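With chain A fixed as given, assemble chain B onto it according to the hints.
As given, the protein sequences belong to chains A and B, one line each in that order.
Going by the numbering used here, the first residue of the first sequence is number 197, and it counts up by one from there.
Going by the numbering used here, the first residue of the second sequence is number 37, and it counts up by one from there.
Check each hint, because a few of them may be wrong.
Stated by the list, open to error - Keeping only pairs whose Cα atoms sit at most 25 Å apart, straight-line, the calculated SDA-like set for lysine to any residue is: (1) K363/A <-> P60/B; (2) K250/A <-> T171/B; (3) K342/A <-> D85/B; (4) K220/A <-> K132/B; (5) K293/A <-> V278/A; (6) K132/B <-> V79/B.
These aren't lab readings, by the way, just hints derived from the structure by calculation.
Values in this document were obtained by computation on a predicted structure and should not be read as measured data.
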Amino acid sequence: MTDQPITKINIVKRPRRSGNITLKLTSMLDMFTIMLVFLLVNYDAEGNIISVTKDLTLPESSATLRPRVASVVGITRDWLLVDGRPVRRIQGITEAKELLIEELYDELMRLRTVTETIGGMGSGGHGFRGNISIQGDRDIEFDLLKRIMLTCGQAGYNNMNLTVRQK
Amino acid sequence: MNLQKTLGRTMRHRSSDAELTITPIMNCFLIMVPFLLLTASFVRLAMHDLSLPSLERKPATAQVSQSTPVVLNFLYIRETGFELRSPELTFPALPKRGTAFDWGSLATQLQRIRTRYPESDEIIIAPVNSINYQTIITVMDHCRENGFSNISISG
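Isolated chain A, as found in the complex (with noise of 0.2 Å):
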């Protein structure tokens, strides 16, 4: 306890403000134009008409063609997917002798009837055209890349789009 009487208590006086306040703001409109500049650059009017599927690294390209809307065959470590869909694991595939993926193949079949029964109703002729794009992992090897192939151009998918990640 301090011997000091409480009227003496020592209180720091503010120095008075003057009327109008003035913010510095020149540090947050630096920030402000640094992050301008990096938007913009990364400023795209299209977006991506494409999703990606989970799970899976694309493999980097200097490819510059925009991607299609087409079906999507995943191949991602584990599974092989169709428009998201799991279809069969990637385990076992390269060790069968058929080169077809049995499993694949029906869903595919089964996909390209219904496009082609969506397109005979209509008369805009957005019926079957065979287009696919896969997106495989980037670590995957070409064994399975083929038979994943040689199963889209057996169900009738010839137009076959590898989608990558630009450079």
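Same frame as chain A, now just chain B:
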């Protein structure tokens, strides 16, 4: 002679913190930043086109093959390196340099085919089973950059 007076200016004491009116710019930025954040795409996708000949497209491809003679260029990708085969041209095999493929020599060989057959842009890539997908895509990139836009893959 006093320069300031000659120029018609008078020295005036400026206050140390002159302020710009940056509020409108701030408003503008605040609107633009969320807008651009929404439209920005951080992963840009592209594709490599592979078209196999199909029954419906046969007449079109037949016409093309009539006008230009088909030159079958094969590029084999092996675990040990590349080997390029083209009619009337012989190339030495390109072994790997350490662990990396010899991309520079491949580009030189591809350019030689292009100068020999300027009208042909077809190449068939034939990798062995153990080659990984990224390598195939990079080979396709190199072929496209050297003028071979019509790429096929053969098992």
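Verification of the supplied hints:
{"no.": "1", "hint": "K363/A <-> P60/B", "result": "violated, 37 Å"}
{"no.": "2", "hint": "K250/A <-> T171/B", "result": "holds, 21 Å"}
{"no.": "3", "hint": "K342/A <-> D85/B", "result": "holds, 15 Å"}
{"no.": "4", "hint": "K220/A <-> K132/B", "result": "violated, 59 Å"}
{"no.": "5", "hint": "K293/A <-> V278/A", "result": "holds, 23 Å"}
{"no.": "6", "hint": "K132/B <-> V79/B", "result": "violated, 31 Å"}
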